[in-house]
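Q: Quick note, the sequences are listed as chains A, B, C and D, same order. Be aware that the first sequence starts at 1, since it is given in this note's numbering, and climbs by one per residue. Be aware that the second sequence starts at 1, since it is given in this note's numbering, and climbs by one per residue. Be aware that the third sequence starts at 1, since it is given in this note's numbering, and climbs by one per residue. Be aware that the fourth sequence starts at 1, since it is given in this note's numbering, and climbs by one per residue.
In case anyone wonders, no lab produced these hints; they're calculated from the structure. Note that the structure is a prediction, hence the values are computed from the model and not measured. By construction, the Cβ of each residue, glycine as well, lies at the ideal position given by its N, Cα and C atoms. Hints are not guaranteed to be accurate.
Stated by the list, open to error - Beta-carbon label-pair distances, calculated as ranges:
1. A113(D) <-> V83(C): 48 to 54 Å
2. A113(D) <-> A218(C): 49 to 55 Å
3. V506(A) <-> A218(C): 25 to 31 Å
4. I71(D) <-> A151(B): 40 to 46 Å
Stated by the list, open to error - Among chain A residues calculated to face chain D with C-beta under 10 Å, some are:
5. V208
6. L212
7. K213
8. L236
9. I244
10. A280
11. G282
12. M328
13. W330
14. F347
15. I349
16. V517
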Amino acid sequence: MFGKLSWSAIPLDQPIPLITSVVLILTILGVLGLVTAKGWWPYLWREWITSVDHKRIGIMYCLLGSVMLIRGFADAIMMRSQQALAINAPGYLPPEHYNQIFSAHGTIMIFFAAMPLVIGLMNFVTPLQLGVRDVAFPTLNSVSFWLTASGALLVNVSLFIGEFARTGWLPYPPLSEATYSPGVGVDYYLWAVQISGVGTLMTGINFVTTVLKMRCPGMTYLRMPMFCWTVLAASLLIVAVFPILTATLAMLSLDRYFGFHYFTNTAGGNPMMFVNLIWAWGHPEVYILVLPAFGIFSEIFSTFSGKPLFGYRSMVAATLFICIVAMMVWLHHFFTMGAGAAVNTAFGISTSIIAVGTGVKIYNWIFTMYGGRVRFSVPMLWSLGFIFTFVIGGMTGVLLAVPPADFLVHNSMFLVAHFHNVIVGGVVFGLFAGIDYWFPKAFGFRLHEGWGKAAFWFALVGFWVTFAPLYILGLQGMTRRLQHVNIEEWRPLLDLSLVGVGILIVGAVCQVVMLVVSILRRDELRDVTGDPWDGRSLEWATPSPAPFFNFAVMPNVQGEEAYWDIKLRAVESQQLSPEPRYEPIEMPVNSPVGFYTAFFATVTGFALIWQIWWLAGLGLAAAFAGFVVFAWRDVHEFHVPAEEVARVDRARRSAREALLERLGQQGAAT
Amino acid sequence: MSDLGLPAAVETLRRVREDPHRLGHRGHGPDSPVEGAGHGATGPARKRIVVGYGFWIFLLSDIVMFACFFAAFAVLRGATAGGPTPRDVVELPRVGLETAALLLSSYTCGLSFAATNARSLLWTQVFLLVTGLLGLAFVGLELQEFISLAARGITPQRSAFLTGFFGLVGLHGLHVTVAGMWLATMMAQVQVKGFRREIVHRLICFNLFWHALDIVWIGIFTIVYLMGVTP
Amino acid sequence: MARRAAVGLAAAGLGGCARGVLDPVGPVGADDSAIFFDALMVMLVIVIPTILLAFWMAWRYRASNPKAEYLPNWSYSGRIEAVVWSIPILTIMFIGGIIWIGSYRLDPFKPLPSKSPPLEVQVVALDWKWLFIYPQQGIATVNQLVVPAGTPVHFSITSASVFNVFFVPRLGSMIYAMPGMVSQLNLQADRPALLFGQSAQFSGDGFSDMQFQVRSVAPAEFQAWAQAARGAGPMLDPAAYAQLMRQSQRVSPVTYGGVDPQLFQAVATQAIGPGPGPQPENPSHSGREVSTGGRR
Amino acid sequence: MSELEYDPNLHTAELDAREDHAPGDEPEESAGHWVRNSNLGLGFSIVLTLAAFLAVGSHLIWGPAVGVALIVLAIGQMGVHLVFFLHVTTGPDNTNNVLALAFGILVVFLIVAGSIWIMGHLSHNMMPMDRLMQMQP
Ligand code: HEA
Ligand code: HEA
Ligand code: CUA
Ligand SMILES: [Cu+2]
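Go ahead and model the full structure; you've got the sequences and the hints to work with.
A: Here it is as structure tokens:
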């Protein structure tokens, strides 16, 4: 009746996960109770859960990503403290638990923290920058989000019911085959990642179509803000490689569930093929994460230097170059597998060539500051910290791309330091910068500067104190994924790394405090102009927060920097462009289909994990029924009357007029 | 607004207008694109184009997934673990029938599209129905093949080669089955709702999907079946 | 020689007292680390000025600096673009050269040049210990590798269950140990030394202790050791091997006085099936089957 | 936005030669055109399929070259499908669709060729001798 599921699935014998999950469950129940008590459900349902507004979906993605970032961070704290305690000692986490932690940390950070945050910002910003009202497929967008949330939920359920994978964030067979991992951990991994992966794939399709086919009049390709280019490149990569992930995980599932022999070490199966296929996805994946971050930095360097981006054309070329070459380098993750000199040479060289595209970007950002008026606001601090950190991480990446050098440090702490160096220094810094930068557009008030700066400095210092020791440990021969350490000499560096985590914790606390303080003092941080940073692209042409239809009248872009041009013209003539003729706007209606799909995806996933076949069948049937019902829907759009549009836009215009006046006075003063 | 004033110079404006990135933008020539073309100069593309294009991108991603299964098949082809070889598995006459069914269904699918364009409800439905029946015949033949193979002990659990074989062919069969379910839903919708805009869009997408599955089948019958019996 | 010294210096600076990959005791490790070091130095020459330039640029053009000129439209310079593309391209051309030559020179499958014929060692990665078979000597060891200094060693490596990586950090290159595959590795220790070896690919619960000691000894001493081991102690017969295949952790070094000469081939070709994986010893926890693998 | 636009005939009538086309779509033609189009596609496909089966079933082609012939025929037939059933053309209205297709083909090529190349080298280097023998069918 319940497949493999029984009461003994709950880890009553393991206090740490048990207590964690009980606290977690109580928190969730508390939040749900609060929502019920306050009667917020109808509001949440109407305005958020069923919303197809790209801004709302973007915000929900970011929320999900932030929560998962904290979960991943908790895992990281456990790992670093375990390793510091377990030098010639067992530490406090037995292997079967520790191994779950690094697997969950990697999985959560990549799939459920970094990806949602990146996609969240993509969602929030892209249509605004392109001057349109939504993405190409708004309902699909909601489905994507909810599928991602479903995957995240499954991963966290594994804490309380059963276990998570103990095989690393990429479960190499044969270790992940049923023989060597008989528990449900790998199944949790497979279904969680599979479900969210489908969501991500649909996001990719959505954004390729959005950027290519949904731009406001005059927004030719070479007038798009740099961020949109990176979104396009990342989405193309998603479309190209996420199917590989789907296929590979499907093959592993067939092995585990039905005794197929894709990757087994019996009957001719070939585990090396898993490694090959998974990296054909895995390497492009890291550029899916980092390219949008590059886009964010491009916006920030230009805005906070008060200048156009230097070498825009080179930037576009470099982005597309990285996008294509990223698909030709995957073997560098298994140079030491024995494919031979010819293969290693080809992939080593193609890997290092990526440094050219990335290097050009770095120099272009530096020269964007040349002749500028650089303001050291929080987003700019993250960006400068990024250049410093990422350049070093990229350099160690190129070292790993040299096969004989990789023969020494493959799978070592040096590698761990490399990828945290590029991921934290590149992606996470970029996300924090982007959140700070676009926060006012989303909520109408800025984030507190002081706490933001404190968070930055603690994160930067904490990062280096944590990971610089790992570089050295890697060179001393320390390999990754060690539950305990048998070499006494490594103690000082492991301790130092733990100190670094302590500093990171302070940074994370600052970040949270910043959020709380900003909310409490939102009135003094209010952005009435809609253009808090003296921005240059179209999102700043809307009020903060942007109305749900984004633009009352679709902008008509006439120059390279869409909004800067409009702004200059207004300042020059000391008046806004004449009031347009307002027309009714058609917007997509809200839809519960995303939530519905994800609900049944979760149920089906859970049933498959525990092999409760009837429930899985039921879930699939319900999904099909839902598809039919949804396909039958007749109303897809609703009209916003012209008067409503006019009302919103006139408010915006009066704010702009005030701004203009002030600018005019300032201009006269200088 | 920040503490920094704007460079409110006429000169600045002139330079911004005059192509700051040296992109060499010219206005579009006499054939400047029409509204809704989605070229960028004229605003978002029409829904029809957006839907079709999005589905096209989805198809490409689906093809990539098939490519992985093809690659796996190619790699595992020789790993028969002492069991049946490709030669033991292939029955050319049946493959011929399957191919014929799918090819004809592609043809009738194309005809249904012609009927849709001519707004003929009857003929659209007739051709869709024939398409579905041919698809059903295909799936039936394949199922029969799998069952008869299993009766001879030829199952994916036997060896990696058979895993690759059943995985690839089965994935395609599954796609055809799902497409068949979609087709049934589409026919009901066409009947009830007629040729509304979104229905026509979906018909276009369905057409694309069906033809794409046929293209994948070309790969399968060539690489898996025909090349399985070539020396 | 200067290069050796430089590598040593870097090792000292980075490594302190613990000895790592930058303090090799053999020719392979020496070449690997020299390449590592060269590539690092070349890139540092580019990267350090880049970082300094970034900081200088931000500082020089800070908004509060009245001396800095403001060029609100300056966003293109053909000359800078050319330089900006050239710097990484040139660096990468050099590194690409290293990659090319290095990959061929240091191909782990390539025999080392030497007057003396190589010592053959067959390596089997087991859950969770290493089995070393000396076919020429007819003996086998677990978690203990003894090699003659100054003689090349040719390793044939396979696995009897899951993936592992065979790695002796101070000898140089690592390589995967995979079921059904035989990878090869050629290493050499130049002088007598006591080293540690490990698995560098996570392989399950007992992974952290999947380490072995490596003793590089004078050739005469090696002969004496092998002679003494031969025929003494337990034999690695099928029963003993079947026992060894089962999961176990923290296995102390063992020496077998005799071994079936076909054993390695049988494991590599999977004539002997792979290790059985976890055998639940505890009351079952549904979905969380754990083997303690004899953990202490 | 795009929703405000209204499809008067609900079909391709309003498509303009200068605008992008959705994949699978084409400017309005008579039903006869489409039928002719499908007929042509079917005809070519039948010829190519028969040729493929013939190449296997007869000895018209030198044994070792049969595989090559099959691949070429398959590529040809995929082209036929793309042109006649999926209506991919080289016209400017189709640029975007063809570019996407080219991107997809590139990806497929990289994955399949790359995997086969890598896996071939891995097996060649490390497959133990008698398993290698066993691999030869
Ligand atoms: C996105 C990816 C990502 C990120 C961000 C991180 C972040 C961190 N990781 Fe992780 N890590 C991985 C991806 C990531 N990691 C992967 C893929 C692995 C391999 C897994 C495997 O072996 O299979 C790994 C493995 C890994 C290991 C295992 C090493 C081993 O194998 O032995 C360790 C050990 O210390 C570690 C530590 C850390 C630490 C200290 C951080 C810190 O930098 C974390 C700092 C976190 C923060 C600074 C965020 C705090 C949150 C907030 C501030 C809230 C935000 C609020 C708002 C947005 C307003 N990581
Ligand atoms: C966002 C994520 C991200 C990014 C951007 C990168 C960027 C790069 N990575 Fe990294 N990498 C990972 C995430 C990332 N990586 C992860 C997660 C893993 C491990 C996964 C696992 O095993 O669990 C990994 C592992 C990994 C390996 C495998 C090592 C091993 O397993 O043995 C290699 C090897 O080549 C590599 C190389 C590179 C290179 C060459 C770059 C380049 O793109 C870097 C380019 C940037 C620069 C070079 C700096 C700026 C350039 C200049 C200033 C110009 C001048 C400089 C030069 C010319 C050198 N990475
Ligand atoms: Cu933390 Cu399990
Ligand atoms: Cu990579």
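Q: Each hint: holds or not?
A: Tested hints:
no.: 1; hint: A113(D) <-> V83(C): 48 to 54 Å; result: violated (36 Å)
no.: 2; hint: A113(D) <-> A218(C): 49 to 55 Å; result: holds (51 Å)
no.: 3; hint: V506(A) <-> A218(C): 25 to 31 Å; result: violated (55 Å)
no.: 4; hint: I71(D) <-> A151(B): 40 to 46 Å; result: violated (32 Å)
no.: 5; hint: V208; result: holds (8 Å)
no.: 6; hint: L212; result: holds (6 Å)
no.: 7; hint: K213; result: holds (8 Å)
no.: 8; hint: L236; result: holds (7 Å)
no.: 9; hint: I244; result: holds (7 Å)
no.: 10; hint: A280; result: holds (6 Å)
no.: 11; hint: G282; result: violated (13 Å)
no.: 12; hint: M328; result: holds (6 Å)
no.: 13; hint: W330; result: holds (8 Å)
no.: 14; hint: F347; result: holds (8 Å)
no.: 15; hint: I349; result: violated (14 Å)
no.: 16; hint: V517; result: violated (39 Å)
Checked against the numbered hints above, the structure violates hints 1, 3, 4, 11, 15, 16; every other hint is satisfied.
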